[in-house]
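Peer 1: Just so you know, the sequences run in chain order U and F. The opening residue of the first sequence carries number 5 in our numbering; numbering runs sequentially from there. The opening residue of the second sequence carries number 307 in our numbering; numbering runs sequentially from there.
If you're looking for bench data, these hints aren't it; they were derived computationally from the structure. For each residue, glycine too, the CB sits at the ideal point set by N, CA and C. Worth double-checking, as some hints may not be accurate.
Stated by the list, open to error - No more than 30 angstroms apart at the CA atoms, straight line, and that leaves these computed lysine-lysine pairs for DSSO-like:
hint: 1; chain 1: F; residue 1: LYS1268; chain 2: U; residue 2: LYS127
hint: 2; chain 1: U; residue 1: LYS143; chain 2: F; residue 2: LYS1210
hint: 3; chain 1: F; residue 1: LYS1046; chain 2: F; residue 2: LYS1031
hint: 4; chain 1: F; residue 1: LYS1210; chain 2: U; residue 2: LYS127
hint: 5; chain 1: F; residue 1: LYS385; chain 2: U; residue 2: LYS8
hint: 6; chain 1: F; residue 1: LYS1261; chain 2: U; residue 2: LYS89
hint: 7; chain 1: U; residue 1: LYS34; chain 2: F; residue 2: LYS385
hint: 8; chain 1: U; residue 1: LYS8; chain 2: F; residue 2: LYS1210
hint: 9; chain 1: U; residue 1: LYS34; chain 2: F; residue 2: LYS400
hint: 10; chain 1: F; residue 1: LYS1221; chain 2: U; residue 2: LYS127
hint: 11; chain 1: U; residue 1: LYS54; chain 2: F; residue 2: LYS1210
hint: 12; chain 1: F; residue 1: LYS400; chain 2: U; residue 2: LYS127
hint: 13; chain 1: F; residue 1: LYS385; chain 2: U; residue 2: LYS54
hint: 14; chain 1: U; residue 1: LYS143; chain 2: F; residue 2: LYS1095
hint: 15; chain 1: F; residue 1: LYS1266; chain 2: U; residue 2: LYS127
Claimed, not checked - Cβ-to-Cβ under 10 angstroms is the rule here; a few derived chain F residues that face chain U:
hint: 16; residue: PHE356
hint: 17; residue: ASP587
hint: 18; residue: SER589
hint: 19; residue: ILE631
hint: 20; residue: GLU1187
hint: 21; residue: ARG1238
hint: 22; residue: THR1250
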Amino acid sequence: MGLKTKAAVFLLVVVAYLLWSLAAEINNNKGYSPVQPNPFSHKIHAGDNKIPCLYCHAHAEHSPHATVPAMNVCMGCHNVVATGKAHVVTLRQEYEAGRAIGWIRIHDMPDFVYFSHQQHMAKGIECQTCHGPVETMEKVYQARRLNMGDCVSCHRQNNAPTSCNTCHN
Amino acid sequence: MQNGHSNGNKIYWGSLAEYRQDPEILKKQEEEFYSKPQAFFEAAEQGKEFEVSRRDLLKIGGAAIVFAAAACARRPVEKIVPYLNAPEQIVPGKPTWYASTCGGCSAGCGILVKTREGRPIKLEGNPAHSLNKGKLCARGQASVLDLYDPDRARHPYKVFRSQTEPQKIDWQTADSEIAYSLGTVKGEVVLLTGTIHGPARLRLIREFTGAFPKSRQVVYDALSFGEIAKAQETCYGNSILPRYRFDRAETLVLLGADPLSEGHSVTEFAQGFGSQRKIRDKSMSKVISFEPAMSLSGANADLHYSVRPKDLFKVASGIAHQLVIIDGRSGLANEPSVTRALKDFSPAKVEEEVGLSHGTIEMVADGLWKKRGKGLVYSAGMASRTSAALELQITTNLLNTILENDGQTIDYGSSPSNQSSGTHSQMQALIADMKAGKVEVLFIHGTNPAYSLPDSAGFIDALKNVKTVVSLNDRLDETSVLCDYLLPSLHILESWGDAQPQKGLYSLIQPAIGKLHDNRGFEESILALAQKSKAGKLGERQISWHDYLKETWQQEIYQKQRGILTDFDEFWNSALRVGVFDTVDRTNEALPVRKFRVQALAYLRMPESTTDELGLVLYTPAMQYDGRANNNSWLMEMPDPVTKMTWENLALVAPKTAERLGLKEGQIVNLTSGEMTSAIPVHIQPGMHPEVVAVAVGWGRGKAGRVGDKAGINAFKWAKVYSDKWAFSALPLKLEKTEKIVRLATTQEHHSIHQRPIIYEASLDEYKEDPSAGKHGEEKLASMWPEHKYDGYRWGMGIDLNSCIGCNACMLACQAENNVPVVGKEQVIRGREMSWIRIDRYYSGNPENPEVVHQPMLCQHCENAPCETVCPVIATVHNEEGLNLQIYNRCVGTRYCSNNCPYKVRRFNWFEFTKDLASPLDLAFNPDVTVREKGVMEKCTFCTQRIRSAKEQAKAEGRKVKDGDFQTACQQTCPTDAIVFGDLNDPESKVSKMAQDERGFRVLEILNTKSSITYLTKIRNRPKTEKAGEHS
């Protein structure tokens, strides 16, 4: 092979590698951390105050959706707790005005995917396994890539079903 | 050789064009996948050339690049908005069920409403309800979509009777103005409603009308069975609508009636009918149908005879003559008035008049007598509703008395029906009063007389003489636009109420969703108006409708229970939760035969022979019913069970008639009868009498909404008005051909069976000799691939061709459960309807009067699936439980799988069918099933979401899924239990037993697809050699 050819091949390989890495980053949501309308801190609630995950995300044990808590769950404490803090004041104002906060969704699967929190909780999987160290997060970020490969690798290791209709239907 | 399939002697075809091997049809069947753009075919249809210029090509190319680049963007931001105050009973992600009553028609079947996050998404029959026992008909399944109808009125209107555009008003203004009219009323106040049978609803109506002098409720149903009650009164002295026990009828003779489509209790009738069709102890029921055209019930008969509508009562009288005079049967043989009345109707004379062989009459009479007390002669149908409908009913009653069926299959006392109380005479009396100016305030609810009455009935004219007309329908329909006000009422799923479909059987109606729009329930409006106008005792109370309902149940219903629950609130909550309160004694099912009043036979005489002209017969379509739900796109795209046509009604003519008049399929004709001439396409329908042209009512809505308007023509306008009744059959007719031919949206001609065996059938006698009769043994074929191993569950299905009546309930249930889209008339013409399960209707035998078999066809989940091996991206795979999976996001739309599927059950999303869905229709989707986009293949998944739910539930309880834990949507709703689904690895499951049945076969077994669905051969209860359906 002549020098020019070798250089061309080398360049092609480098470009292909770069393009492939770029393509791999399409729809890579790991690290996604949008600014929320109210700067709720999991560090304060789940970390310092050790509130269990299921206290707020109550449906995770018996529903596919973990669910973001209803406003009245917040008010359960914040009627009396930390009522002077600016963001608690805004929270209470929103509640009294009859408006629920529109949280920006971070961990999101495409609509054609079915994920059931209930099934995973039944197997004793910790919330942190997929969601990362949430109790240390001032602002929640997506800790894992949570693409299909991520799910399937864990399923394979743990003898969980890998039939397509487990998640796609 | 016909293009059908050969199964020994039998040839099957789906349409006459197939039977004749019409080259155009064969060509269409080859074009399953158009290789050119849609615009090409549209141009070709208009006789133009389709060209793409170079400029167009570059424009499209450029646009494509831009869109492709724009697609590489981050996914859109999604929000999670939680509840403000979470309701306790809703778990997001899990359904909440409410028991209520169906509002698809007035049969009053009990339902369980599946709601997700506060939205009803699916209706299922309530298994605890004795009327429908957990099943629901096609129209009931479709009715959930009506809740989200975008063309429902969203607030009250002041209407101005079509002089100008309706104007929005608020409730206070409407109430004040109407209350003023009520407060100063001097004439009659009339509530014109459809059938209502709930005790609290009726009590409210009584108290309301009781508050005004000379006031009353008038019940008018577009489809009413008034002649049944009248004949019951004339013959037996009690004016009731019986409860017909099709489940106890081992022999059934239908005279121009179609109980499976138009009966007043369709689900109950279908269940009963189906239970008798099942093979048990080597026997099954015998069903014989005499009718002018071919109805769904007639298609399911063992023997079918085409008879002119006016001749139906001659047939009935001939059978009675045979029984009473010739055979000397029954006590009535000694009644001189009876023998005198019947003497002109000897079978020989009937043969002369009607063209039906006297041997047939003898055979039918003999069969009925052998099963006396266990048979039923039923004749209440629109096709038999000539001007002599009452006389036909009286003759039918006579027959049932002779045969001792009265009290056995006709329940007149234990639990008679309230399901249809409208009568023509009530309505005619009202119209007369309206014309005379006696009616001052008229309220209309749940009925649409401006649409369903012919203009000559005078209703629209008579409205002019009514001072105030208020519509409480749900939209600006044909009647509402002629009123002064529209106070839009709620959908039944938003309402409180009650029902008593049969005497002693009660159920509640409870809302499963809050009001979607600024509407108000009918009863709430009545109460509000009574209170505002201080009308009588009712007007002085400040009570809500819910409290009034509860109070009525406390006062009138609570004491009917046998003292088990001592606290009313406990009783109320139990009634709400269970969904039914049954006080009928169902242990003793039979009643004595009633005494027949022979004076009723005074009318009986052989009329003059009818001339040989064409007669018009109107009939009730199974899907559209009376046209009330024509804005429901699911129903409009559902094929008529017999004609397999969608999106319009047609003039059905017999093949002989078409030949004689030179009519082609789809040719537009101008039909004139009475006051109306209408252009309508022709459909050539086998199994009809050659002197009959049949047209379905319930089409041609003008103000139903965006889906229903302009679909078909309004055949109700052809009904003939007499002084005391309306006739829908044997109407005079003039037919004029035009040169125009249109393409019909049929669902039966898209696929060819290529002379392969699809149906196996046998006669009952053959079956008795050999249970596997009819099947042609297929050799065990070797397979290229190793067998799949099923260690856990192995899902399979069984379908009994004897039980399937072709009612489409399964199709609608599947559509609701799986978010199956509607494609519209144009696409149905191209064969692109999306039903995951379809009912293929095959004719066989004599094209003038064929036999019919219905075969549900859905993905067979083949073990050697032809589709799995050809997908280039592995979007369809086989899983370890026997399912053939379709992964929507992987599919790139090559359509190779559909090309390869021998059953043609794979449906392709040619367009984005869910784009531009008018709000709030998007609320009807089932969140458990992916909504597919354009370019993706879809097909039956054996309700994999239900399988998953059942497995999750079982896992949570630490056990395996048991047979019966869950049902697929089609299985769940099938009124005749034709579909069975379950675990083939469980030897005790129903489906395993079905797979072992000697009648079991798989469709296209010769292709070695190893389908997971076992069909049971169709057994017909008629002699093997008799050529069914021919009359001399």
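Peer 1: Quick check: which numbered hints come out false for this structure?
Peer 2: 2, 3, 4, 5, 6, 8, 10, 11, 14, 16, 17, 18, 19
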